[in-house]
Structure formats: C-alpha cells, structure tokens
Amino acid sequence: MDKESFFNDVYEVAKLIPEGRVTSYGAIAAYLGVKRSARVVGWAMNGAVSQHEVPAHRVVNRVGLLTGKNHFQSPNRMKELLEAEGVKVEKDQVVNFKKHFWDPMVELGL
DNA sequence: CCCTTGACGCGTT
DNA sequence: GAACGCGCCAAGG
Numbered sequence: 001m002d003k004e005s006f007f008n009d010v011y012e013v014a015k016l017i018p019e020g021r022v023t024s025y026g027a028i029a030a031y032l033g034v035k036r037s038a039r040v041v042g043w044a045m046n047g048a049v050s051q052h053e054v055p056a057h058r059v060v061n062r063v064g065l066l067t068g069k070n071h072f073q074s075p076n077r078m079k080e081l082l083e084a085e086g087v088k089v090e091k092d093q094v095v096n097f098k099k100h101f102w103d104p105m106v107e108l109g110l
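Quick note, the first sequence lines up with residues 1 to 110 if you use my numbering.
What the hints contain is simulated information worked out from the structure, not anything from laboratory work.
Fair warning: there could be bad hints in the mix.
List of simulated lysine-lysine pairs, DSS-like, C-alpha gap at most 25 Å [as the list claims (entries may be wrong)]: (1) 35 with 69; (2) 15 with 35; (3) 15 with 98; (4) 99 with 69; (5) 15 with 69; (6) 99 with 35; (7) 88 with 99; (8) 91 with 69; (9) 98 with 88; (10) 99 with 15; (11) 15 with 88; (12) 98 with 69; (13) 69 with 88.
Input sequences plus hints: build the corresponding full structure.
Rendered as structure tokens:
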C-alpha cells in the first residue's frame with residue numbers, strides 16, 4: 001500500500017460499512033493500524049464527503065455522536081441518511097449505537 | 001519553519 | 001458517572 005493510501009484505505013473501509021450499520025473513527029484507525037490517529041481518520045472523511053461513494057454518514061465518534069454532521073452539505077443530512085437506512089438518531093446521537101456498531105476488526109476478520 | 005485547529009479516544013479527577 | 005485534560009497526526013496560516 002502506498003502512503004497516500006491512508007485516505008484511500010479509510011474510504012475503502014467506509015465503503016464496506018453495510019447499510020443500517022455504523023462504526024467509529026477509532027475503529028477504522030485501529031483496523032488500519034493507526035488506532036491513535038482517530039482524528040486523522042476524521043480529517044480523511046472530510047474529503048470523503050466529496051467522494052459520494054463513501055458513506056461518511058455511517059461513521060460517527062466512539063459514543064455514536066454525529067460529530068461530523070456540521071461538515072455535510074446540511075447538518076440534518078447525516079441524520080436523514082442514517083434514518084433512511086433504519087438507524088434511529090436522537091439528539092444527533094445514534095440510538096442503540098452498540099447494536100448498530102460495525103467493527104471492521106471483527107466483521108472483516110483481522 | 002513554528003503555531004493553531006480539528007469529523008477522536010482514553011486516563012484521571 | 002460526568003467533566004476535564006492530555007496525547008496523536010495531518011493540514012492550513
């Protein structure tokens with residue numbers, strides 16, 4: 001993998017997130033081997049918004065809070081997209097986050 | 001080249 | 001158990 005693949009890898013993992021499921025920045029970072037760089041994952045997702053192939057709305061922080069909703073086209077866009085996939089969102093927070101949580105480490109089998 | 005900011009996470013208080 | 005602070009990494013000014 002090239003060094004530039006970091007952002008690309010983040011996109012790849014995000015693309016693998018099934019509908020109705022959500023994951024955290026830290027989980028993706030950990031899967032990529034840079035678990036302490038969760039912030040960088042968030043930065044990568046910033047560019048992912050342009051990549052409409054990447055469901056950035058399925059990526060939230062470790063508590064299930066839609067911290068990045070402010071970076072979308074519309075702050076309400078993220079919530080709508082999630083609810084459209086069956087993910088309940090209340091007060092900018094994913095309901096039953098643990099239940100909808102999709103861990104790449106487990107799901108992808110590391 | 002140095003300083004500040006930011007879609008995070010974890011340890012301590 | 002909630003609130004606060006520190007640490008990590010990259011980008012922008």
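- Violations among the numbered hints: Hint check: nothing fails, all pass.
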